[in-house]
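Novice: Protein sequences, first through last, are from chains A and B.
FYI, my numbering numbers position 377 of the first sequence as 377, with every residue one higher than the one before it.
FYI, my numbering numbers position 83 of the second sequence as 83, with every residue one higher than the one before it.
Careful: at least some of the hints might be erroneous.
[As the list claims (entries may be wrong)] 20 angstroms max Cα-Cα, derived SDA-like pairs, lysine to any residue:
id, chain 1, residue 1, chain 2, residue 2
1, A, 357, A, 252
2, A, 192, B, 30
3, A, 357, A, 342
4, A, 192, B, 20
5, A, 357, A, 321
6, A, 192, A, 174
7, A, 90, A, 68
8, A, 357, A, 299
9, A, 357, A, 267
10, A, 357, A, 296
11, A, 192, B, 113
12, A, 357, A, 325
13, A, 90, A, 109
14, A, 357, A, 379
15, A, 192, B, 70
16, A, 192, B, 19
17, A, 90, A, 119
18, A, 192, A, 204
19, A, 192, B, 32
20, A, 357, A, 328
21, A, 192, B, 31
Honestly, the hints are just simulated from the structure, not real lab data.
Each chain, letter by letter, is given below.
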Amino acid sequence: MTPPLPGDRTDGPRSPLTVPLLTAVLAALAVAAAVFAGPEPARGALAVTGTVAGLLLCAAVTVADRAVASARAARTRLDTVTEDLGRLLKEQNRLTEEHTAELARLTEERTAERARLTEEHTATTDRLTEEHTATTDRLTEEHAAHVARLDARLREAESARAAALSATANAAGRMQALATGMLADLRAMEDKHHDEEVLADLLHLDHRTAQAGRLADSVAVLTGARSGRRWARPIAMESILRGAMGRIGGYQRVRAHSASDTAVAGHAAEGVMHALAELLDNAANFSPPTAEVHVYVEEVPSGIIVSVEDSGLVMSDVQLRRAERAVSGESTDLGGLTGTRLGLAVVGRLARRYGLKVSYRPSARGGTSALMLIPQELLVTTGASAPESTGTAPAATSSATTARAGEATATTATAPAGEATTTPATTATAATAAIAARTAPAIPSEEPAAAAARAADRPAPPAEPTAEPTSAGLPRRRSSRTKPAPAAPDHRHDPVPEHESAAPDGEAPPLVLPRRRRGRTLADAERTWSAGRTADPRPAPTAEETRARTARFSSFRRAVRPTTAAPTGDDAPARPATAPTAPTADDVRAGRDTDTPPAAQNNPTTPEGDTTS
Amino acid sequence: MSRPGRDDAPDRLYTLTQGRSRSGPDNPFDLVTLVVAECAPVTGMQSEHAAILRITESPTAVVEIAAELELPVSIVRILLSDLLAAGRVSARHPRTSAVYDPDILEQVLVGLRNL
């Protein structure tokens with residue numbers, strides 16, 4: 001039930017009571033009137049019925065009155081609700097309008113804001129992009145400038161390094177040349193001075209110079225220059241060891257144990273000697289000053305192992321590894337050099353260049369042992385040295401039966417070759433004759449002039465044709481073909497080292513008979529005598545003259561040396577054996593006189609000085 | 001002096017004698033002392049020693065040995081004294097009478113002139 005509205009309450013409490021009461025009054029009057037007006041007998045019934053009807057009427061009137069009141073209240077409430085509804089609808093419309101307006105406003109604002117932000121964003125993006133581009137350009141330019149500068153500095157450094165290296169190499173080469181020349185001078189002086197005091201001093205200087213030469217060699221090796229000296233013939237192992245010993249300070253503590261007859265090929269001999277000298281120097285420096293350093297030579301199938309054993313400090317594993325790495329020659333940069341420890345780096349370079357293998361291990365003597373493997377391809381067996389000399393000689397033509405006679409003829413055969421390159425035409429003809437005589441069996445079609453031209457081009461053509469047809473079949477070394485005059489095969493090899501600064505081919509070969517000082521003395525005496533008699537080259541003497549001369553010479557020798565006359569069986573046949581080639585030898589000797597280096601003429605290092613002192 | 005590069009061997013003279021350059025005071029060798037080998041060269045010898053023993057199979061003067069080896073006489077004397085101390089060579093002085101015979105000297109002079 002809805003609550004009664006205020007308009008309904010004005011007559012509500014009056015009407016429900018007044019209307020039934022009025023009705024009840026009227027009904028009671030009507031009933032009382034009917035009862036009085038009606039017959040007497042029916043009055044009772046009439047009263048009861050009239051009362052009941054009056055009660056019923058009152059009830060009906062009450063109900064009707066209530067219904068009318070309710071209907072009126074309901075109608076009033078309905079009007080009120082209708083009014084509220086209209087009001088609410090109006091309110092709703094208003095709110096909707098407001099909402100729409102608000103929405104539109106917000107949308108506008110949002111759009112504006114968005115546009116603004118978009119603009120700002122675009123602007124910022126553009127600005128940042130520009131800044132970025134500018135910065136990138138600047139950095140790129142700076143980077144390019146840096147790179148260019150670094151590039152320039154790198155180029156500068158590299159060119160400076162190359163210049164320094166080449167200057168150092170050049171200086172080292174000159175020092176090598178100086179040392180080599182000084183060593184040769186000292187050796188000449190040692191031959192010249194026989195006073196023991198002077199000799200001792202000269203040997204001392206010799207030793208110092210040899211060490212200086214080794215230092216120059218080391219610098220040359222480190223700077224990549226080639227070794228200063230090249231030996232023209234294989235160097236025997238003993239000489240290799242002694243050559244290495246001679247270049248270090250403590251050579252007197254080195255004990256060499258070598259029974260090997262192997263030799264190292266000439267082109268590698270200097271490198272092997274140098275590497276060995278460095279190993280020896282290390283061993284001598286890092287062992288007590290009184291301890292000996294032992295060098296053993298062992299032949300193995302892959303070559304020769306030279307082991308240098310000291311009894312000094314034992315190297316630790318780290319030191320061993322470092323030394324092994326240094327001598328392996330893997331790194332060729334100069335960065336790791338310390339200035340005082342050049343030796344192992346030099347060994348490494350040399351090992352790399354010549355294929356040597358150097359390793360370290362603890363020595364049984366208590367110190368360290370350095371092993372150097374000289375590969376087989378660098379080795380030459382010197383067992384062939386004696387047959388080689390006979391093989392080089394054209395043994396078939398002469399009656400030479402001994403090896404020494406064969407060497408003598410070989411000397412005459414090879415001597416003119418070098419001579420022809422330096423002497424003018426007068427001796428060239430003699431040389432041509434000799435060459436023609438040698439090469440005629442092998443190259444019959446060639447004219448003497450062509451042979452002379454060949455001789456001028458190549459120093460030792462005669463050795464080639466004579467080398468091939470040798471029936472001995474022994475292996476022969478190439479280098480032996482160019483060496484001027486083989487020394488005695490069993491001792492005191494006489495290799496002629498070629499020096500870079502000297503013209504190797506232009507030099508006159510050693511004396512024609514270098515093996516015999518006595519013969520050389522005689523030759524020089526004869527030369528001075530004949531030079532005083534005739535200035536121009538003598539004509540070639542005939543074979544008879546030569547034979548007679550040789551016979552005189554032999555009798556002279558017998559007279560001078562009565563005690564040795566009988567046993568010199570090896571000397572006596574040698575002289576007649578050279579008779580067929582002696583004219584050539586004489587010519588060559590006469591030709592040499594015009595070309596003899598001044599050193600041999602005007603200073604007393606000539607052989608006369610030796611024998612007369 | 002000789003030209004650079006004409007040095008003859010890689011081994012220096014002081015290495016031949018282990019640094020000695022003076023022979024002892026009682027060294028019996030002079031230039032004309034005759035040396036005779038007492039034994040054959042054996043393997044492992046210094047090559048100069050072996051060469052001396054080969055040269056002196058017949059008696060040879062010291063100066064000739066030096067010329068043959070192309071070594072200074074002082075060095076050869078040290079080498080020879082080593083060999084002498086080891087008993088591998090013996091030394092004796094040559095007879096001098098024949099050398100001073102004037103006839104022979106004259107013959108030598110004539111022979112030299114005729115050469």
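Novice: For every hint, state whether the structure bears it out.
Specialist: Against the structure, the hints come out as follows:
1. A/357 to A/252: violated (26 angstroms)
2. A/192 to B/30: Measuring from Cα to Cα gives roughly 17 angstroms; hence the hint holds.
3. A/357 to A/342: holds (18 angstroms)
4. A/192 to B/20: holds (18 angstroms)
5. A/357 to A/321: holds (15 angstroms)
6. A/192 to A/174: violated (26 angstroms)
7. A/90 to A/68: The given pair, whose Cα atoms are some 33 angstroms apart, is violated under the 20 angstroms limit.
8. A/357 to A/299: holds (14 angstroms)
9. A/357 to A/267: At roughly 18 angstroms apart (the allowed maximum being 20 angstroms), residue 267 of chain A and residue 357 of chain A satisfy the hint.
10. A/357 to A/296: Holds, because 16 angstroms separates the two Cα atoms, which is no more than 20 angstroms.
11. A/192 to B/113: violated (27 angstroms)
12. A/357 to A/325: holds (12 angstroms)
13. A/90 to A/109: The hint is violated at about 28 angstroms.
14. A/357 to A/379: holds (14 angstroms)
15. A/192 to B/70: Satisfied, since the Cα-Cα distance of roughly 12 angstroms is no more than 20 angstroms.
16. A/192 to B/19: Answer holds: residue 192 of chain A to residue 19 of chain B is near 19 angstroms, not above 20 angstroms.
17. A/90 to A/119: violated (43 angstroms)
18. A/192 to A/204: holds (16 angstroms)
19. A/192 to B/32: Given pair residue 192 of chain A, residue 32 of chain B holds - Cα atoms ~18 angstroms apart, limit 20 angstroms.
20. A/357 to A/328: Distance ~7 angstroms between residue 357 of chain A and residue 328 of chain A Cα, so the pair holds.
21. A/192 to B/31: holds (15 angstroms)
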